[in-house]
Amino acid sequence: MSKEKTSEKDPTLLEYENLIEELMKENETLKNRIVDLEEQNKLYKDIADSIEQVPESKEAKKPAKLFKRTKKKEEIKPSIEKEKVVETHAEKAKAFKAHVEKTKEVIVDSQIFKDSYAPSLATHTIIEGPSRRECPVCGNVRHGSIQEIVDKTHIILDYPRMYGKKLKCGQCGQEWRVRSAE
Numbered sequence: 001m002s003k004e005k006t007s008e009k010d011p012t013l014l015e016y017e018n019l020i021e022e023l024m025k026e027n028e029t030l031k032n033r034i035v036d037l038e039e040q041n042k043l044y045k046d047i048a049d050s051i052e053q054v055p056e057s058k059e060a061k062k063p064a065k066l067f068k069r070t071k072k073k074e075e076i077k078p079s080i081e082k083e084k085v086v087e088t089h090a091e092k093a094k095a096f097k098a099h100v101e102k103t104k105e106v107i108v109d110s111q112i113f114k115d116s117y118a119p120s121l122a123t124h125t126i127i128e129g130p131s132r133r134e135c136p137v138c139g140n141v142r143h144g145s146i147q148e149i150v151d152k153t154h155i156i157l158d159y160p161r162m163y164g165k166k167l168k169c170g171q172c173g174q175e176w177r178v179r180s181a182e
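Residue 1 is where the sequence shown starts when you use the UniProt record's numbering, and the numbers rise one by one after that.
Hints in this document: simulated from the structure, not taken from any laboratory.
Certain hints may be false.
[Stated by the list, open to error] With a straight-line Cα cutoff of 30 Å, these simulated DSSO-like cross-link-like pairs (lysine-lysine) come out:
no., residue 1, residue 2
1, K42, K25
2, K102, K92
3, K31, K42
4, K152, K165
5, K45, K31
6, K152, K166
7, K152, K168
Based on the sequences and whatever the hints tell you, model everything.
Rendered as structure tokens:
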């Protein structure tokens, strides 16, 4: 009986033998593929090396050789047109300065007129700091007698509505605005 068993191969044993043969064939094909890929890699490296070695004749030219040198400062002559343009700009600037001075005079005259006839607000510009609570007329520095009042003539924001402030002296009744140093 034992001879019969050995002569007859077990079905699982046959399956294992077939699997071993298939794996050996697959291993050979993978080895062949590895060899092919290594050869292909060598070819790519050779091509990359040949591309990196650019012949000297095809190298990019230096920028100094592409452009001509400019003339020295002594050789460059100023153009007459540029001088005319500069002169016209200078004339315009002088005319503008004269116009500004005239408008300043008009503003000063109107402020004198306003101050002499309208005792509402002093036009003193007091910069914020230690002297901002000092009355510009009588020199009062007592904080208790100087009051802060909302100034509805000086609108800071439309929405939400924000107004500036003005200060009022308790001794002389003078009102003034505090301007920030901007």
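Results of checking the hints against the structure:
no.: 1; hint: K42 <-> K25; result: 26 Å, holds
no.: 2; hint: K102 <-> K92; result: 15 Å, holds
no.: 3; hint: K31 <-> K42; result: 17 Å, holds
no.: 4; hint: K152 <-> K165; result: 8 Å, holds
no.: 5; hint: K45 <-> K31; result: 21 Å, holds
no.: 6; hint: K152 <-> K166; result: 9 Å, holds
no.: 7; hint: K152 <-> K168; result: 14 Å, holds
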